[in-house]
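The chain contents come next:
Number of protein chains: 2
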Amino acid sequence: MNRKQLIESIQRKRSCLCIGLDSDPAKIPPHLHGFPDPVFEFNKQIIEATHDLAVAYKPNLAFYESNGTKGWETLHKTVGFLKKYRDSVMLIADAKRGDIGNTSRKYAAAFFGLPPDGLDFDAVTVAPYMGRDSVEPFLSFENKWVILLALTSNAGAGDFQLLETANGKMIFEKVLETSKTWGTPDNLMYVIGATKAAMLTRVRTIVPDAFLLIPGIGAQGGDLDEVLHHGMNRECGLLINSSRGIIYAGSDEDFAVEARRQALMLQQKMEKSLAENGVI
Amino acid sequence: MNRKQLIESIQRKRSCLCIGLDSDPAKIPPHLHGFPDPVFEFNKQIIEATHDLAVAYKPNLAFYESNGTKGWETLHKTVGFLKKYRDSVMLIADAKRGDIGNTSRKYAAAFFGLPPDGLDFDAVTVAPYMGRDSVEPFLSFENKWVILLALTSNAGAGDFQLLETANGKMIFEKVLETSKTWGTPDNLMYVIGATKAAMLTRVRTIVPDAFLLIPGIGAQGGDLDEVLHHGMNRECGLLINSSRGIIYAGSDEDFAVEARRQALMLQQKMEKSLAENGVI
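So the sequences go chain by chain: A and B.
Heads up: the first sequence runs through residues 33 to 312, numbered per the working numbering.
Heads up: the second sequence runs through residues 33 to 312, numbered per the working numbering.
To be clear, the hints were calculated from the coordinates, so they are not data collected in a lab.
Just so you know, not all the hints are guaranteed correct.
Repeated chains share a single entry, so a pair holds when one copy, or any two copies, can fit it.
Claimed, not checked - Cut-off 25 Å, straight-line C-alpha distance, at most; resulting in silico cross-link-like pairs (DSS-like, lysine-lysine):
(1) 102 <-> 115
(2) 201 <-> 301
(3) 76 <-> 116
(4) 76 <-> 102
Full structure from sequences and hints, please.
As structure tokens, then:
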């Protein structure tokens with residue numbers, strides 16, 4: 033999915049919602065355990081109930097890897113199922129990868145390559161610590177995206193990301209400044225946690241045009257209104273993620289209905305803000 | 033494997049060699065493609081030929097993930113095969129993971145949990161960018177290790193790791209200083225690239241007792257003698273990795289013999305240095 037398609041989908045769905053498929057076998061409704069692949073069934077029903085409200089889905093790899101080989105199969109099936117919505121949803125592998133050049137090329141093949149070996153995601157989250165040659169292999173695929181960690185939503189973000197460097201900038205600002213020359217707003221986004229919404233103004237001075245993937249609203253305490261207010265640009269420029277708040281909204285047979293209800297609440301706030309900012 | 037067992041294995045084998053199983057189907061000898069799982073067969077023969085010379089094996093996850101579900105199976109089988117050498121080799125998942133706390137717990141389960149879902153590695157490499165709560169879940173497993181990226185072997189290490197912070201320390205030094213309070217030398221090691229061997233003296237002033245995993249000798253240009261000279265402490269304190277230099281030393285049916293020859297050359301240099309430093 034390219035930038036134009038993403039913006040069109042945002043305008044058509046009047047939404048910049050990303051749904052995080054952090055699907056945990058221990059947390060899905062009990063009745064699903066009768067299915068051959070309970071987590072896939074869970075994902076399928078969540079997707080079917082929400083695909084007109086979401087412009088992106090984001091499985092976090094940890095939740096699949098922790099189920100071993102069958103978790104990897106579930107992930108392949110989930111991406112395969114999402115194919116039919118492919119023209120209007122971005123598929124993001126929340127993998128936070130990054131390694132030396134020849135190894136990052138292998139990760140890029142794993143996430144961007146075609147099945148059966150590759151997963152054919154549209155985007156992958158990448159950690160910046162190892163620098164340019166750890167990120168560039170992901171940027172060489174056409175119509176694929178790197179989403180680079182800049183300022184994350186967790187408490188530990190303060191340990192290094194907010195450290196001040198010798199020239200007065202914080203590390204996350206150096207990450208934005210340095211990395212924005214590696215790609216373009218057409219293939220490089222950034223993770224900025226909703227719990228640090230006050231920083232969005234500083235982020236926008238460095239990367240005014242980049243899309244930002246915003247985790248941390250809901251369960252992690254980030255405020256949606258603040259994010260929309262400080263983060264949106266004239267093409268929206270935001271993908272706002274909710275995982276637990278949507279997928280575990282219900283815990284019984286009605287889980288997909290409850291998930292849709294939560295997604296709709298978020299979409300309606302987004303629609304209002306998109307209209308106010310002239311995006312729709 | 034705990035610290036005592038690791039040091040005993042180093043003393044017994046007179047080696048601190050780690051062999052990187054970055055096994056690529058496109059690079060393994062052609063005759064192996066007749067086996068049901070060519071990469072597993074390759075790993076098995078490398079391990080059989082070198083297990084008395086190596087104290088650790090380190091599959092890099094990218095090389096397995098890029099083969100899809102069957103790559104994940106190969107990894108499970110490789111770890112399973114290494115079980116019989118378990119009392120004298122450390123199994124390191126070079127995965128460079130790291131995520132918010134509840135997600136890092138899932139990664140920790142994936143790498144440290146028991147089969148069939150978990151991989152039961154002894155150690156996993158973790159990226160520091162997301163801070164304390166992204167690392168701690170890995171530190172809560174008994175006799176398991178975090179190997180935190182500090183100063184990596186690639187060119188991009190200069191982009192952020194060598195940036196100077198406001199108090200004059202470089203970022204990688206802040207990572208060492210801050211993170212060493214999260215664990216102990218019994219469960220926390222650091223990645224320090226051999227290509228930055230001159231920095232090892234600075235590293236040792238901050239973490240004198242920690243084990244250091246040193247990638248980058250051989251193909252990446254790092255110098256073994258320099259690493260041994262600047263990095264070894266009185267309990268050795270080093271795991272020195274070679275991947276391509278060993279596993280692709282031969283390209284034909286003699287590949288395991290050639291791999292052993294290369295491993296032996298490295299082991300002999302290590303033995304000399306271990307003796308000079310009074311470790312053996």
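Exercise. Hint by hint, which ones does the structure fall short of?
Worked result: 2
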